[in-house]
Amino acid sequence: MKKRIISIVVGVLTIGVFTAAAMDASASGSTASARSKLTIMAPAAPGGGWDGFGREAQQGLRRAGIVNNAQVINVPGAGGTIGLSKLVQMDGRDDMLMVTGAVMIGASVLSKTSESLADTTPIARLADDYSVLVVPAASPYNTMAEFVEAWQKAPGAHSIAGGSLGSIDHLLSGLLGRTVGITPSAVNYVAYSGGGEVLASMLSNTAAAGISGYNEFRDQIEAGTLRALGISSPERLDGVPVPTFIESGIDVQMSNWRGYVAPPGIADDARDEMVAIITELHQTDEWADTLRRNNWTDSFQVGDEFDAFLEEETTRVSDLIRELGL
Amino acid sequence: MDQLTHLLEGFSVALTPINLLWLVIGAVLGTAVGVLPGLGSAMAVALLLPVTFSLDPTGAFIMFASIYFGGLFGDSTAGILLNTPGNSSAIATTFEGHRMAKDGRAAKALGTSAMGAFLGGMIATTLVVFFAPYLVRLATMFGPAEYFALAAFAFVAISSVVAESVLRGLLALSIGLALAMVGIDGPSGAARFTLGLPQLFDGISIIVITVGLLALGEVLHVASRIHRDGAVTRVSAGGSPFLNWREFRKAFPAFLRGTSFGVPFGVIPVGGSEVPTFLAYGTEKRLAQRRGDTDFGGRGAIQGVAAPEAAGNATAGTAMGALLALGLPTSATAAMMIAAFQQYGMQPGPLLFERSADLVWPLLASLFVGLVILLIINLPFAAVWAKLLLVPKHYLYAGITLFAMLGVYAIASAEMDLWLVLGIGLLGFLMRRFSIPLAPVLIAAILGPLAETELRRALAVSEGDLGILVGSPITIALYSLMAVAIAFTLFQGLHARAAKRRALVDSVR
Chain A
1 MKKRIISIVV GVLTIGVFTA AAMDASASGS TASARSKLTI MAPAAPGGGW DGFGREAQQG
61 LRRAGIVNNA QVINVPGAGG TIGLSKLVQM DGRDDMLMVT GAVMIGASVL SKTSESLADT
121 TPIARLADDY SVLVVPAASP YNTMAEFVEA WQKAPGAHSI AGGSLGSIDH LLSGLLGRTV
181 GITPSAVNYV AYSGGGEVLA SMLSNTAAAG ISGYNEFRDQ IEAGTLRALG ISSPERLDGV
241 PVPTFIESGI DVQMSNWRGY VAPPGIADDA RDEMVAIITE LHQTDEWADT LRRNNWTDSF
301 QVGDEFDAFL EEETTRVSDL IRELGL
Chain B
1 MDQLTHLLEG FSVALTPINL LWLVIGAVLG TAVGVLPGLG SAMAVALLLP VTFSLDPTGA
61 FIMFASIYFG GLFGDSTAGI LLNTPGNSSA IATTFEGHRM AKDGRAAKAL GTSAMGAFLG
121 GMIATTLVVF FAPYLVRLAT MFGPAEYFAL AAFAFVAISS VVAESVLRGL LALSIGLALA
181 MVGIDGPSGA ARFTLGLPQL FDGISIIVIT VGLLALGEVL HVASRIHRDG AVTRVSAGGS
241 PFLNWREFRK AFPAFLRGTS FGVPFGVIPV GGSEVPTFLA YGTEKRLAQR RGDTDFGGRG
301 AIQGVAAPEA AGNATAGTAM GALLALGLPT SATAAMMIAA FQQYGMQPGP LLFERSADLV
361 WPLLASLFVG LVILLIINLP FAAVWAKLLL VPKHYLYAGI TLFAMLGVYA IASAEMDLWL
421 VLGIGLLGFL MRRFSIPLAP VLIAAILGPL AETELRRALA VSEGDLGILV GSPITIALYS
481 LMAVAIAFTL FQGLHARAAK RRALVDSVR
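Same order as they appear, the protein sequences are chains A and B.
Read left to right, the first sequence gives residues 1 to 326 (the UniProt record's numbering).
Read left to right, the second sequence gives residues 1 to 509 (the UniProt record's numbering).
Mixed in with the good hints there might be a few duds.
Okay, the calculated bits of chain A under chain B, using three or more residues with CB under 8 Å as the criterion [claimed, not checked]:
#, region
1, 105-117
2, 151-162
3, 198-205
4, 243-257
Within a straight-line C-alpha distance of at most 16 Å, the following computed EDC-like cross-link-like pairs (lysine to aspartate or glutamate) qualify [to be verified]:
#, chain 1, residue 1, chain 2, residue 2
5, A, K112, B, D202
6, A, K86, A, E115
7, A, K86, B, E463
8, A, K153, B, D295
9, B, K102, B, D295
Partial list, computed: chain A residues near chain B (C-beta under 10 Å) [said to hold, decoys possible]:
#, residue
10, G77
11, G166
12, A191
13, H282
The hints are simulated quantities; they were obtained by calculation from the structure and are not laboratory data.
No experiment lies behind these values; they were computed from the predicted model shown.
Note that beta-carbon positions come from the ideal geometry of N, C-alpha and C, so glycine has one too.
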């Protein structure tokens with residue numbers, strides 16, 4: 001009897017310890033070169049968009065043999081700013097990359113934390129996707145022009161559903177409003193916790209319009225349950241039968257970009273090495289497959305080009321957030 | 001009966017040896033993560049996602065499906081045995097389940113919960129196969145005003161039954177509301193009760209609150225009484241997990257009642273299975289009071305385990321329907337699975353059944369097979385798990401503490417969560433010490449934010465017009481039901497008081 005109990009206890013302990021070990025693939029260890037061991041920090045919970053992006057890169061790096069050992073760790077919280085402040089504290093670590101993207105700029109401006117993306121070492125921008133403005137199938141509006149006309153007359157009565165405050169969806173609603181002559185703070189924006197909830201609000205005809213990533217609404221648009229009025233890409237995308245905002249005469253474009261940054265204070269050759277690793281990843285067939293599967297647009301950028309992009313985006317987002325009255 | 005032919009074809013794919021193997025692996029894994037406090041099936045799916053890329057899509061989906069249900073089979077185990085539920089979906093089962101365990105019927109409680117999970121899941125999945133298009137229509141009828149009415153209704157329906165003293169109940173409710181308010185407020189972006197700490201911006205996870213209040217609170221409570229309660233009566237770990245005919249007759253209607261609460265909730269995204277499990281528990285408690293059943297709240301009643309557990313899995317079953325037919329993720333796990341499906345080029349939504357019929361039907365079939373396998377795995381295991389109670393208390397509770405902390409750390413690898421869970425654990429201990437009920441805290445923490453956000457969304461959309469709150473048949477029906485429930489409770493209370501007075505007068509004579 002006693003033996004059996006001990007074996008049960010040992011069994012339970014083993015499961016627990018193994019699970020814990022699997023969960024917390026520890027970030028500790030020596031600062032070996034990034035080629036032998038690379039840690040990718042996803043500043044989001046397992047399953048989120050950034051987590052998926054990090055794990056795709058991990059798989060690509062491993063399979064193509066670019067890096068011997070790549071790990072993903074999750075540091076979720078506050079739109080990625082918890083992860084950001086951790087990364088900034090890892091001054092000089094040259095075997096560490098963090099997933100970043102458009103959302104983090106908004107979140108770090110919003111949360112008023114002292115650390116910002118400017119404190120990190122930019123490495124690369126890899127993939128973009130774009131947001132669509134949709135209306136429910138029962139909506140009276142068939143084109144962007146019709147919607148804008150009604151919206152200008154009564155901004156309050158045309159609520160727009162989208163992701164959390166400071167998200168790409170929110171910023172886009174403000175930008176659209178400003179461009180068509182509605183004060184961003186007068187836009188009646190209803191925040192939901194994600195694309196799924198925005199979809200629910202469209203299906204129940206709660207809000208007049210909704211904004212989310214095109215991929216999340218693609219099938220609903222094809223099936224006709226939602227009508228897409230405009231997309232935020234600079235030009236028409238292949239296989240996406242949705243007019244851009246620019247085509248409809250509204251000069252707005254915005255991308256939900258994703259990329260990588262490294263901790264501050266790393267040596268120039270360490271930075272070049274990381275840029276080389278990501279560049280090699282970008283050239284693999286695995287990555288091409290990743291882009292295709294996720295329906296992401298290739299937006300590869302490194303070096304000065306990416307630095308300049310980051311700076312420009314930060315200014316634009318900070319201005320918008322101020323105008324939105326957050 | 002087109003669906004039936006499709007389903008049979010699905011079975012022929014799902015029942016190949018290799019797919020059965022994935023199914024069993026998924027079932028065991030799902031149950032295991034479900035048992036550990038703080039770990040849920042959402043996390044298991046997330047971690048396994050990269051691994052399954054090497055499988056063929058059918059095998060991967062089949063594995064996901066069994067993990068999905070497995071987590072729900074496992075989560076009530078720790079709650080029943082040790083009063084330490086690991087996930088919020090198991091809270092309602094814990095109340096009566098642990099009482100049964102204390103009464104020496106641990107194996108029976110676990111068996112009932114496995115049966116409940118099985119029946120709830122089975123009925124809900126069957127409904128999904130045949131009536132998915134009608135079920136999903138329910139989702140399109142729910143806007144913010146309807147959610148608010150639902151939350152208000154649930155508050156009234158549940159709160160009145162879980163607290164014996166009004167004052168203590170209200171105190172517990174306000175603690176729960178305060179805990180739930182921590183974090184960045186969604187509609188306005190304002191930080192509330194965060195003390196300026198970015199770690200608190202996302203609020204306190206309901207898992208941290210559950211584990212702290214129930215698991216650690218219980219550990220501290222047991223520790224504080226260890227030399228005072230004298231010779232502790234040994235909890236019997238024996239007993240059969242199988243129900244005899246009399247018990248089955250008691251439990252069966254409860255299974256069905258629980259399922260009927262769970263089914264509609266899976267389709268509407270109101271934060272998973274907590275609300276229906278609590279509603280099911282509340283109903284059983286009310287029914288027990290009416291019957292004059294003293295087991296309920298005393299020795300532990302089998303219905304109190306059966307109904308919430310069936311409700312939980314029924315929710316999961318129809319949630320899968322909403323996910324497939326509508327592309328609407330109604331729980332964290334469902335959201336994870338959408339991501340997984342998309343990776344294989346299968347887009348859940350209105351076009352799914354036309355476009356990916358070769359994947360969907362095996363998936364649905366594997367849900368049925370998965371439930372059967374889970375029942376086969378879990379029923380005999382109930383007796384083994386119950387033996388856990390034979391471990392001496394000091395080892396057992398040390399182990400719980402360890403696992404609780406590990407589980408909480410695994411949610412976000414955040415140190416802050418560990419301090420929070422300790423603080424909330426201490427709170428739970430003090431609440432036990434002063435006999436303040438714990439359930440209202442959890443109900444408030446789950447329903448409070450729901451009611452608040454939806455009310456504000458409704459008013460934002462209507463530009464402040466309160467008329468929207470009673471502007472649809474659903475809201476009117478819910479408020480009427482609520483009014484009837486309140487009137488009934490008041491009437492019952494007056495009636496009982498009058499009866500007591502008469503009895504007093506009689507005894508004086």
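Violated hints - listed by number, lowest first | Hint check: 4, 7, 8, 13 fail, others pass.
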